[in-house]
Structures are given as structure tokens and as C-alpha cells.
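Asks: Chain residues, written in single-letter form:
Protein chains: 2
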Amino acid sequence: MLKSRVNLGKRSYEIIIGEGILSQLGVTLKRLAIGTDAFIITNKFLKDKYGAKLSRALLKEGFNFHFKIVADSEKSKSIQTASMVISELAKFSKEKKVFIIAFGGGVIGDLSGFVASVYKRGTNYVQIPTTLLAQVDSAIGGKTALDLDLGKNLVGAFYQPRLVFSDVDFLKSLDNKQLASGMSEVIKYAAIKDKKLFSFLEDNSKKIIAKDSKALEKIVASCSKIKAKITSSDERETCGLRTILNFGHTIGHAIEAAGGYCGYNHGQAVSLGMIAAIDLSQRLKLINQKLAVRVENLIKLYGLPSKLKAIPMAKIIKAHYHDKKFSGKENKFVLLSGIGKTRIVRNVSLDLIKESIKKISG
Amino acid sequence: MLKSRVNLGKRSYEIIIGEGILSQLGVTLKRLAIGTDAFIITNKFLKDKYGAKLSRALLKEGFNFHFKIVADSEKSKSIQTASMVISELAKFSKEKKVFIIAFGGGVIGDLSGFVASVYKRGTNYVQIPTTLLAQVDSAIGGKTALDLDLGKNLVGAFYQPRLVFSDVDFLKSLDNKQLASGMSEVIKYAAIKDKKLFSFLEDNSKKIIAKDSKALEKIVASCSKIKAKITSSDERETCGLRTILNFGHTIGHAIEAAGGYCGYNHGQAVSLGMIAAIDLSQRLKLINQKLAVRVENLIKLYGLPSKLKAIPMAKIIKAHYHDKKFSGKENKFVLLSGIGKTRIVRNVSLDLIKESIKKISG
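Protein chains in written order, with this note's numbering: chain A, 1235 to 1596; chain B, 1235 to 1596.
Bound conformation, chain A alone (with noise of 0.2 Å):
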């Protein structure tokens, strides 16, 4: 069992990581004095597969709980949603000590985290993030959101859990493309912070693409100590800190978006994004094309693209401007400057940013 910290005076929380914990779930819970009555979200895959552990583990110490299931969908992140699940919450918590526990991947941890930042004008809630993405990312660091028409993540708050708890036995039930989105995360931390992971993950792709559980812990722990570190110095991205981790993102996004958002998935977006930020970094002269090919290696070697297929480059301009038009302000590409290492760049050209989609167009 490995832990990390974000520290944010009263707000502080920890991060556990390790490889079937789950059944220490209750004495953890417990420890943190947050309530008695569980009000779990979740999908139906889940709650067959885990729900009867789960709620051993929360049995076993004396909680009372209760499931509410939302459909496994990016759609389950919307006002309406929401305002079902506030519903049943409200019903359930008459005469209980509630907390709620967001068990899923990143959908269900953004509409749980929002339906505990706004009810009761803030109730105590714990991630326990089932995907590699939102173990990594998602869980850690309080951004809870929903979607609207006109736009993805547009509501939301910045509203702490009181826990994230990483059981790696988890992701052995997740498909490759499932892994290979979160390892695109996972690469982005090791560019951006950490030489080491960077290595290893060169190192140990077998046994990581093996879903080997001691590999996939100590991934998951240095990710999540990256975060935390982040988190706990910039909490609500106000003062540059937490850009560096939109590395990748910028040009992703775009490519999201260009999709439809039914194109390319986040994992895979980010990772043409950060092919793109490399190529970027590159014609600048912040890298040398040996640290530029060895970051794409790796890329592929988690089977990630790293040619665009089937958007043409004119919508993802479109989508990257309108989003630099959106933000109101001059456009912002986090940059590489060795393993490990970030450099901010504003104003870059279009025909630079031009090129750099030309590199990653199949």
C-alpha cells in the first residue's frame, strides 16, 4: 500500500494505491469519521462485478449504503443527471450522516464530485477511481464537472474529496483501449515531471501492457504523487502551476472536438496532441530530434496513435482557434524541453502550429 498526499490545510486528503485494498475500504472510512451512510455511484458493470465486495467492505464496519446506478455514458454528466441523482440523495439522507462515494471512472467521478460540491452546500465524498485514466488524473484534485450543449465540462466547481482510494486490482478488467487511454496519461506525466517513470515505463512495457499489478501500482503511485504536488501548489489553476498538465491537451482537445467527440477518445486525442507539442517543441529548438523520436516510441509502444486519421487538419484548426478565441486570451502550447522538463510558450504561429498537425496527419 503506497500513499500520497494533497495538502491544502483543512481540505487535505490522502491518495491510497495498492493492489486489492478494497477490503480495508471500511477501516479507512472510518478513520476519516465522514459519515455512516454511503450513497454510491456507480454503473451497472460495476455493481455486478465489485458490488458485493464493496459492500462487504463497507458491512464489516458497521456503514449503511445504498447503489444509484447511472448509465456508463459521458452523457451521465449532465444537468439532468444530476438532478435525478440529488434526487435519490436527498430521500436517502433524511435522518443519515450520508457521504457519498464516487465509484467509476472519470464520468462518474465529475457528476459525483459535482453532486457533493452542491448538495447541502457541500457533502463529504470519497473517489475510489476504477479506470487507470482516473486513477492517474481524474479522482485527484477536486474539478468536478458536467456537460452542456454547447460545450464539455462548462459546469462545474473545484470541490475536494475527503479520500481517493486506488485499488490496482481494478484495472485487470480493463480492455487494452481502455489501458492505452490511461497510459496516455500516464506518459504525459513522465514527459512532463518525472525521468524516471519516463524510463521505466520504457523499460517495463510487457509487464505493464500485462496489467502485471506491482508495475501498475507504482505507475499509478507516481502519477497520483504528481498530481497531488500540483494540486496541493495550485489548486484551482490560478497561478500557472497546473498548466503543464494540459501538455498534449491543447492540440487533443482540438482534435476531440473535430471528432465530435466520437472520433478519437481522450487517451488517444492527448497522445496525437502531444506528437504534435514534441514536433512544436522541436522546431523551436527545445529538443533535439533523438529526445523527439524517443518520446513517440513510447507513444507506440502503449499502442497509441501517432497519425490522425479521417479529420482533416482545417477542422482541427478550427476547433483549436475557436477554443483560443473562447479562453479569450493569446494561444498557450506546454512544451517540452528535455525528459521531465516544461516549457510554456505563448503566441505560436499558426503556420508552426500548421506544421505540427502536418507531422501527426497520416
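Keep in mind that a hint or two might mislead.
Said to hold, decoys possible - Quick list of simulated restraints, FRET-style, between CB atoms:
1. B:1578 with A:1236: 30 to 38 Å
2. B:1322 with A:1318: 15 to 23 Å
3. B:1384 with A:1243: 51 to 59 Å
To be verified - Below, simulated SDA-like cross-link-like pairs (lysine to any residue); rule was C-alpha separation at most 25 Å, straight line:
4. A:1330 with B:1384
5. B:1566 with A:1358
6. A:1325 with B:1315
7. B:1328 with A:1553
8. A:1328 with B:1388
9. A:1354 with B:1471
10. B:1328 with A:1382
11. A:1244 with B:1468
12. B:1330 with A:1470
13. B:1244 with A:1468
14. B:1448 with B:1309
15. A:1386 with B:1324
16. A:1325 with B:1312
17. A:1302 with B:1387
18. A:1302 with B:1314
19. B:1354 with A:1472
20. B:1330 with A:1553
21. B:1330 with A:1487
22. A:1331 with B:1470
23. A:1386 with B:1328
24. B:1445 with B:1428
25. A:1325 with B:1493
26. B:1331 with A:1270
27. B:1386 with A:1270
28. A:1281 with A:1307
29. B:1386 with A:1472
30. B:1386 with A:1357
31. A:1354 with B:1524
32. B:1330 with A:1476
33. B:1331 with A:1469
34. B:1330 with A:1387
35. B:1309 with A:1324
36. A:1386 with B:1312
37. A:1328 with B:1308
To be verified - Going by beta-carbon spacing under 10 Å, a handful of chain A positions derived as facing chain B:
38. 1328
39. 1356
40. 1384
Hints are computed from structural coordinates only; laboratory data are not their basis.
Computed from a predicted model, the values in this text were never measured in an experiment.
We put the CB at the ideal spot given by N, CA and C, even for glycine.
For this one, chain A is given, so just place chain B on it according to the hints.
Replies: Just chain B now, with coordinates in the frame of chain A:
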């Protein structure tokens, strides 16, 4: 023009109070640098009456704006209305630097604050309260709220505005019942914290009821100062200081709930709650009869009820009992130990509570 300040570090803000200050709104907003495009949430009555003047004040300083009309009803404090407002806000805010103006009474303030708290994980907003109740109470302190079918204010956040701008001219369009409802909270502030204000209210009822500008400015400023001070030291009602604001509200809420929120309005219910709390204070020998009569007389002076009609005691006890169980703690009453002095008393016996409710039963 009078000013108070809520001190919360980076989230500090001013409360500006005055007569006919609306024309200076643009200049004040410009100084705050909170955006260029105002999304104004209000109701039809207020837009028809003050929309042109508000528009002029904004146009004069180059602000762009958009009015969003919601129904003038507690029903607007719903997730449904919030969702509709957010969608329109998302459309309006594209490529703009948006901030929100809550232009109205408590319902509009609570709804707008909620929308501001969740749109893009927090958007700047300004409170321009138009009722006495909102100017002295709900617009200050950052409590935002929506209702559920199961209960009032169950959804919300603590999210502070960037400015509270109270023009007492708005109060001139209030009818007697609306003014009295606000006066109930004014009397509460005086009773718990401000002996001088209490005497002022005793000596100047004619002026106040006639809506004399100077008198209104004085009471709004005095109450704002108290609320600002309490909010500054206990933003999230965690260290007990904010509790004293609940004077008259424990039984008051039970009266509102027992009447299905269509019997007594908030101000009337709080008045009855204050008389019951005064009676309890006297029974517990915290104050003498002379002082109790003084508070009761002040309440009557402003046309507020001192006797309950049509709601049987059993119903109130039940609502109160439910409320107590709801919080999962023992009961807790804010009582008076003098004019401007409070005492928190826990575990008051049901018999004593019944005696005090008998006191207000007509």
C-alpha cells in the same frame, strides 16, 4: 453612500449602500475589472421598472449586457430553472468576458449565485438586491441555494459575490407586507447585535414605514455591517459565530414548514419565532419580562404578527422535530440575554418549547 466590507482574503468584497446610486453602477463595476459583458438575471416586474435605468448605467461605461427573465416565484429556485439559465448563459458568453448580475430579491440572488458558482467552475457575480430582506441579509455572505421537492435550500454552495450594491431607492416600490418582512430581519439584527439600532427602530418607526431614504439607508448600512462582520469570521458556518443569525429561525422555520410555505411568509414566521425565543429566554431567566415586552412591542410596531393563527401546535412541533432529527444533532436555540446579546442554549426540553409555542398561539 455608505460602505461595509466582507473580509475574506482574496475573496473580499464591498457592500455599497446609498440612495439613487444605480447611476454609478458602471463606474463601480469598471473599477472591479470583473468582465465586460453582464448577464443580468431578474424578473419581469423589475426589468420593466428599472431595466432602462440599469441599462443606461452599464452602457455609459461601455458594458455589453443581456437580460434573462425568470418567474417571480420561489419556484425559480429549482434545478430546472438553473439549468435553463445556464444554457442561455453559455450561449451569451461565447467569446465574451462575462459576469453575472443578480438583480432582484432573495430568490433571484440565491439562483444567480448558484449559477455563478457552477458556471465554468466559478464566474464573477454581483448582487444588486432590490428588497429589504435581500439588502440586509440574503445578498451578503455567499450562501447560494436551490430547492428540491424534498426541502428548501438543499442544493447550493458557499460562493461569494464580488460586490453587493444596495440602492435604497428600490425599496420604495415595496408594499407594506414586503417591507415588514424585511423589517423582521432588521429587528433580529438589532436584537442580537446592535442596541443602538434597536433604539433607532423604536424611535423612528414612522419614518421607516414611510420609507424615508435616510432612515432606510441607516438600517441597511447597520445590518450590512453586522452580516459582513459575521461572514468575515465564519464564512461557512463552521465556527458557530454565524449561528446567532438563526435567532427566531428555529421555530420560524418550523412555522413556515408547518404552513407548507404558503401560510406565513419568512419575515412573519421569523417574527413569531423571535417572540417564542424571547419567551424561552425569559423562562430560562436570561432576560426579564420588561425586556421581553420591549422586543414584542417592536415587532408589533412594524405590523408583524405576534400571534399564530391557523397552524396547530402539533404540526409545528412535528416540523421542528423533523428538523432536529434532520441535522442529526441535539436541538440548539439562539436566545437573548439582553438587547444586542445572545446565548446559545442546547437540549431545550420539549415541554419548554411547547410552552413557548403556546405563548404565540392565538
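Asks: Need the status of pair residue 1566 of chain B, residue 1358 of chain A: alpha-carbon distance at most 25 Å?
Replies: Answer holds: residue 1566 of chain B to residue 1358 of chain A is near 23 Å, not above 25 Å.
Asks: What's the verdict on residue 1328 of chain A and residue 1308 of chain B, does the C-alpha distance respect the 25 Å limit or exceed it?
Replies: This hinted pair holds, its Cα atoms lying about 23 Å apart.
Asks: Take the C-alpha atoms of residue 1325 of chain A and residue 1315 of chain B, compute the straight-line distance between them, and say whether it is at most 25 Å.
Replies: Holds, because 21 Å separates the two Cα atoms, which is no more than 25 Å.
Asks: Given the hinted pair residue 1331 of chain B and residue 1469 of chain A, is their alpha-carbon gap at most 25 Å?
Replies: holds, 22 Å
Asks: Within a Cα-Cα threshold of 25 Å, do residue 1330 of chain B and residue 1487 of chain A meet the stated pairing?
Replies: With Cα atoms ~20 Å apart, residue 1330 of chain B and residue 1487 of chain A stay inside 25 Å; holds.
Asks: Could you grab the alpha-carbon distance between residue 1386 of chain B and residue 1270 of chain A and see if it respects the 25 Å cut-off?
Replies: holds, 24 Å
Asks: Is residue 1448 of chain B close enough to residue 1309 of chain B, meaning Cα to Cα at most 25 Å?
Replies: This hinted pair is violated, its Cα atoms lying about 34 Å apart.
Asks: Given a hinted range of 30 to 38 Å, is it respected by the beta-carbon distance of residue 1578 of chain B and residue 1236 of chain A?
Replies: violated, 45 Å
Asks: Residue 1354 of chain A and residue 1471 of chain B: Cα distance at most 25 Å?
Replies: holds, 12 Å
Asks: Keeping to a limit of 25 Å between CA atoms, is the pair of residue 1386 of chain A and residue 1328 of chain B held or broken?
Replies: holds, 13 Å
Asks: Check whether the Cα positions of residue 1309 of chain B and residue 1324 of chain A lie no farther apart than 25 Å.
Replies: holds, 18 Å
Asks: Is the straight-line distance between the alpha-carbon of residue 1330 of chain B and that of residue 1476 of chain A 25 Å or less?
Replies: Holds, at about 24 Å.
Checked against the numbered hints given earlier, the structure breaks hints 1, 3, 14, 26, 29, 31 and satisfies all the rest.
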